[in-house]
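Trainee: Chains as they are written, first to last, in the working numbering: chain A, 1 to 227; chain B, 1 to 227.
No lab work stands behind these hints, which were simulated from the structure alone. The model shown is predicted, which means the values in this text are computed figures rather than measured ones. Hints may be right or wrong, so weigh each one.
With a straight-line cut-off of 27 Å between C-alpha atoms, the simulated BS3-like cross-links for lysine-lysine are [to be verified]:
hint, chain 1, residue 1, chain 2, residue 2
1, A, Lys47, B, Lys157
2, A, Lys47, B, Lys47
3, A, Lys47, A, Lys94
If you want the ones that stay clear, here's a sample from chain B, every Cβ over 10 Å from chain A, calculated [what the hints assert, rightly or not]:
hint, residue
4, Arg13
5, Glu32
6, Ala54
7, Ala59
8, Asp72
9, Ser73
10, Tyr89
11, Arg117
12, Gln138
13, Ala203
From the three backbone atoms N, C-alpha and C, an ideal C-beta is built for every residue, glycine too.
Now for the letters of each chain:
There are 2 protein chains.
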Amino acid sequence: MSVEPWVADGEYREGAVDLLGILAYGALAAFERLAEDARTAPTLSDKVHGATMAALQIAHFERVRDRLAELDSDVLDAMQPFHEAFNAYHAHTKPKDWLEGLVWTYVGDGFAADFYREVAAFVDADTRALVHQVLSDQGHEAYVIERVRSAIAADRKVAGRLALWGRRLVGEALSQAQRVAADRDALTSLLTGTSDRPGMDLAAISRMFTRLVENHTRRMQELGLQA
Amino acid sequence: MSVEPWVADGEYREGAVDLLGILAYGALAAFERLAEDARTAPTLSDKVHGATMAALQIAHFERVRDRLAELDSDVLDAMQPFHEAFNAYHAHTKPKDWLEGLVWTYVGDGFAADFYREVAAFVDADTRALVHQVLSDQGHEAYVIERVRSAIAADRKVAGRLALWGRRLVGEALSQAQRVAADRDALTSLLTGTSDRPGMDLAAISRMFTRLVENHTRRMQELGLQA
Chain A
1 MSVEPWVADG EYREGAVDLL GILAYGALAA FERLAEDART APTLSDKVHG
51 ATMAALQIAH FERVRDRLAE LDSDVLDAMQ PFHEAFNAYH AHTKPKDWLE
101 GLVWTYVGDG FAADFYREVA AFVDADTRAL VHQVLSDQGH EAYVIERVRS
151 AIAADRKVAG RLALWGRRLV GEALSQAQRV AADRDALTSL LTGTSDRPGM
201 DLAAISRMFT RLVENHTRRM QELGLQA
Chain B
1 MSVEPWVADG EYREGAVDLL GILAYGALAA FERLAEDART APTLSDKVHG
51 ATMAALQIAH FERVRDRLAE LDSDVLDAMQ PFHEAFNAYH AHTKPKDWLE
101 GLVWTYVGDG FAADFYREVA AFVDADTRAL VHQVLSDQGH EAYVIERVRS
151 AIAADRKVAG RLALWGRRLV GEALSQAQRV AADRDALTSL LTGTSDRPGM
201 DLAAISRMFT RLVENHTRRM QELGLQA
């Protein structure tokens, strides 16, 4: 049960719908990436893994859709404002092979998930629980780490290429996030709060970015890559 | 509960594992096709439909995998013998656009599903129930019919191209089915039966092919296409 007094506020609701719209689009985008990984997987077992992870994204998508319906919002409408940003991100980050696809999901989704969790600290308890549920790892991280590490072990040159790739992914993600933030006032106001609603001041936002970058560095290290 | 006396028979079990292996591979192949349809979908709503249907195939895949585990068989091992036939089918039937992709799923999967149901008449009750469950339509047929019909209404030329495409799909499916039948004696013996186990004689097999072709013709007509 949500008991926060500001939940009924119009701007808050708009921001929450934006957050859920991004999450829904993110799940659909991750589905596409994982399905493509499955298609290009080197073995049948990798194909099954990719396909299973892709299907899980649709289960997440459906949960977010149902929560949006509770907020009287249609998932397609909620996703629409983020179409361009996601399209641009995808167009600028096309993996050249299966390994780059794996890193795409791990690094890109990891970074996005961290950011969503940061924002979720300032939404109502129901929405927050949903965000955490949808973003929980289901064994994919360990899988990607194992696959990338063994590819590097087999060919050291892979490490340099994938390290560059990881940096490019984060750069693109930040650039699209900025675009979205500039466009969607209700969403940014989730983070900054209002006089009635908790939020981050500038110093807190800067600390948040530090956390995001630190987590990214840790993820790259887990892959055996220089951030 | 299965009570058929021949369930413990080694050749029967091998045939049933083959059937489930094909079903698992078929679900994975349909997943890939539907995910690709989602990727190339003209609208966000079509994308969501395709992705949802793709995820459903993985739910089917997981059911078949669990049934195979009950039969002490690993799904990857059960799928392996059909890798070449599915690969060849996919390589020879690459849709040129989204509409051809829709017809691929509807016509190809429809034909395959009819055939699996025919074979399922001769397997144990547990496996038969699973086959019917996995093959039940979940609203995708009505969706494809609506989309293809409205594409034809918008441009009559589409009908001729898709009619040719549908014929090619069935031709390829039959050719791969023949290849599999020639390779997998246990599977064909599911259909033909043994002295202890019911099956089809040659006349019944020929009637089955007539049914398969009639159903295909009906499906093409529902799309508004000449079979």
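Trainee: Are the hints correct? Go through all of them and say.
Mentor: Now the hints, each set against the structure:
Under the criterion of a C-alpha separation no larger than 27 Å, the hint pairing Lys47 (chain A) with Lys157 (chain B) is inconsistent with the structure, at around 37 Å. For the given pair, Lys47 (chain A) sits about 21 Å from Lys47 (chain B) by alpha-carbon distance, which is consistent with the 27 Å threshold. The straight-line distance between the Cα atoms of Lys47 (chain A) and Lys94 (chain A) is roughly 19 Å, inside the 27 Å bound, and the hint therefore holds. No Cβ of chain A comes within 10 Å of the Cβ of Arg13 (chain B); the nearest lies about 22 Å off, and the non-interface call holds.
Listed as a non-interface residue, Glu32 (chain B) fails to keep its Cβ farther than 10 Å from every Cβ of chain A; the least gap is roughly 5 Å. Not every beta carbon of chain A lies more than 10 Å from that of Ala54 (chain B), the smallest distance being close to 7 Å; the non-interface claim is violated. Some Cβ of chain A comes within 10 Å of the Cβ of Ala59 (chain B); the nearest lies about 7 Å off, and the non-interface call is violated. For Asp72 (chain B), the shortest C-beta to C-beta distance to chain A comes to about 19 Å, beyond the 10 Å cut-off, and the non-interface label holds.
Every Cβ of chain A is farther than 10 Å from the Cβ of Ser73 (chain B); the closest lies at roughly 15 Å, confirming the non-interface assignment. With a cut of 10 Å on Cβ distances, Tyr89 (chain B) stays outside the contact zone with chain A, its closest approach being about 15 Å. Here Arg117 (chain B) stays apart from chain A, with its beta-carbon at least about 24 Å from theirs, past the 10 Å limit. Taking the minimum C-beta to C-beta distance to chain A, about 13 Å, the non-interface status of Gln138 (chain B) holds against the 10 Å cut.
A cut-off of 10 Å between C-beta atoms confirms that Ala203 (chain B) is not in contact with chain A; the least separation is 38 Å.
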